[in-house]
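Just so we're aligned, residue 10 is where the sequence shown starts under my numbering, counting upward by one.
None of these hints come from the bench; they were simulated from the model. Just to be clear, a hint being listed does not mean it is correct.
Straight-line Cα separation of at most 16 Å, EDC-like style, residue types lysine to aspartate or glutamate; simulated pairs [said to hold, decoys possible]:
{"id": "1", "residue 1": "K120", "residue 2": "E230"}
{"id": "2", "residue 1": "K362", "residue 2": "D332"}
{"id": "3", "residue 1": "K349", "residue 2": "D300"}
Per label pair, the in silico range of CB-to-CB distance [stated by the list, open to error]:
{"id": "4", "residue 1": "Q267", "residue 2": "I354", "range": "50 to 58 Å"}
{"id": "5", "residue 1": "H58", "residue 2": "F123", "range": "18 to 26 Å"}
{"id": "6", "residue 1": "R129", "residue 2": "E230", "range": "19 to 27 Å"}
{"id": "7", "residue 1": "R129", "residue 2": "E321", "range": "28 to 36 Å"}
{"id": "8", "residue 1": "T301", "residue 2": "A265", "range": "30 to 38 Å"}
{"id": "9", "residue 1": "N233", "residue 2": "D319", "range": "55 to 63 Å"}
{"id": "10", "residue 1": "V328", "residue 2": "T367", "range": "34 to 42 Å"}
{"id": "11", "residue 1": "D92", "residue 2": "N229", "range": "23 to 31 Å"}
{"id": "12", "residue 1": "G338", "residue 2": "N309", "range": "34 to 42 Å"}
{"id": "13", "residue 1": "D92", "residue 2": "L278", "range": "44 to 52 Å"}
{"id": "14", "residue 1": "R129", "residue 2": "R200", "range": "15 to 23 Å"}
{"id": "15", "residue 1": "S250", "residue 2": "Q203", "range": "31 to 39 Å"}
{"id": "16", "residue 1": "I312", "residue 2": "P135", "range": "49 to 57 Å"}
{"id": "17", "residue 1": "D332", "residue 2": "N229", "range": "47 to 55 Å"}
Ideal Cβ placement from N, Cα and C applies to all residues, glycine included.
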Amino acid sequence: IQNDILKEYIARGTYVFPPEQSMRLITDLMAWCKTNIPSWNTISISGYHIREAGATAVQELAFTLSNALAYVEAAVDSGLDVDDFAPRLSFFFGCHNDLFEEVAKFRAARKLWFDLMSDRFNPDNPKSTILRFHTQTAGVTLTAQQPLNNIVRVSYQALSSVLGGTQSLHTNSYDEAIGLPTDQSATIALRTQQILANETGIADVVDPLGGSWYVEGLTNEIYNRSLSLIEEIDKMGGAMSAIEAGFQQRHLHESAWQEQVAQEKGELLIIGINTAQSDAFNDGLKGQTVDTSLGEAQCNHLIAIKEGRDGERALEALVNVHDIALGGGNTMEAIIEAVKAECTIGEIMNALKDAFGTWMAPSGF
10 IQNDILKEYI
20 ARGTYVFPPE
30 QSMRLITDLM
40 AWCKTNIPSW
50 NTISISGYHI
60 REAGATAVQE
70 LAFTLSNALA
80 YVEAAVDSGL
90 DVDDFAPRLS
100 FFFGCHNDLF
110 EEVAKFRAAR
120 KLWFDLMSDR
130 FNPDNPKSTI
140 LRFHTQTAGV
150 TLTAQQPLNN
160 IVRVSYQALS
170 SVLGGTQSLH
180 TNSYDEAIGL
190 PTDQSATIAL
200 RTQQILANET
210 GIADVVDPLG
220 GSWYVEGLTN
230 EIYNRSLSLI
240 EEIDKMGGAM
250 SAIEAGFQQR
260 HLHESAWQEQ
270 VAQEKGELLI
280 IGINTAQSDA
290 FNDGLKGQTV
300 DTSLGEAQCN
310 HLIAIKEGRD
320 GERALEALVN
330 VHDIALGGGN
340 TMEAIIEAVK
350 AECTIGEIMN
360 ALKDAFGTWM
370 APSGF
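With the sequences and hints as input, model every part of the structure.
Structure (structure tokens):
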């Protein structure tokens, strides 16, 4: 039975709902939270995965805010007032190695979001125009070669995140290019934040680099270039139309390729990769070893849940998720009822999949 569960999971793989249906799930969530948990942060609008896939700082900012505009427009079109949900939007950015560029990106992001929200939606609540964001240091910048160097990378990325005004922060562990973090590496990542917060004084100052001619100029440059890219997406019909046309994907592929070529030519220096190479630092460091019995135990736990639940109630809840997804009503309410009936995430996702279908991003640029 356990093997069958695993095989089924592997066979299903990962899938993405079509953009229109995905947007409905988001607006249904916003509507449900407005009534039931109005202080909940309904969505974390992420640029991190975009940056990790190869985006530049400008592309990360433009694509993230363009996606955010699509969410806001869809919510307003569904009947929500902008002030009903916009104050609870939050953002999630990556932070890479160019310290000043990252600080300028965060500063530009706040100004750009304020201007876009003010001009396009004219909210009454000032909080609807505030860009609140979380930052994670860049996993893609970490190297398996000389992994202890990653402690330095993470420290400077965390520094620029705080200087840029992040509200919360995730610092990566130095061994994440090798495997799952160990307790030791995770502790060092935590201590990095604690040292910055308690020993450096940088968290006590608002916008400490404001007024620097270089940072102000770079902020304006990133603002203008990102706005230009957003306007280009607008001309295509918005973020969803651009995604369906492969616009963002093509940009990511091109910028990732350009960076890779620059590394291979030595134009972009990466310590331990194409300069300052040394086998002395590659000491056979290994990531955390996971006990394979944990997977077996989880399968057994899942079997026990399915055997012990009210099967008829679970089936009715899944049918309801499917029917609500096909018709009207709030999908969030149906999903919550399915969870209460002890349906699994996979079962709920499959009910939605049967209703919505799946979608593959364009390829072959």
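We went through each hint and held it up to the structure:
no.: 1; hint: K120 to E230; in the structure: holds, 12 Å
no.: 2; hint: K362 to D332; in the structure: holds, 12 Å
no.: 3; hint: K349 to D300; in the structure: violated, 30 Å
no.: 4; hint: Q267 to I354: 50 to 58 Å; in the structure: violated, 38 Å
no.: 5; hint: H58 to F123: 18 to 26 Å; in the structure: holds, 24 Å
no.: 6; hint: R129 to E230: 19 to 27 Å; in the structure: holds, 23 Å
no.: 7; hint: R129 to E321: 28 to 36 Å; in the structure: violated, 48 Å
no.: 8; hint: T301 to A265: 30 to 38 Å; in the structure: holds, 34 Å
no.: 9; hint: N233 to D319: 55 to 63 Å; in the structure: holds, 59 Å
no.: 10; hint: V328 to T367: 34 to 42 Å; in the structure: violated, 20 Å
no.: 11; hint: D92 to N229: 23 to 31 Å; in the structure: holds, 29 Å
no.: 12; hint: G338 to N309: 34 to 42 Å; in the structure: holds, 36 Å
no.: 13; hint: D92 to L278: 44 to 52 Å; in the structure: holds, 48 Å
no.: 14; hint: R129 to R200: 15 to 23 Å; in the structure: violated, 43 Å
no.: 15; hint: S250 to Q203: 31 to 39 Å; in the structure: violated, 45 Å
no.: 16; hint: I312 to P135: 49 to 57 Å; in the structure: holds, 52 Å
no.: 17; hint: D332 to N229: 47 to 55 Å; in the structure: holds, 52 Å
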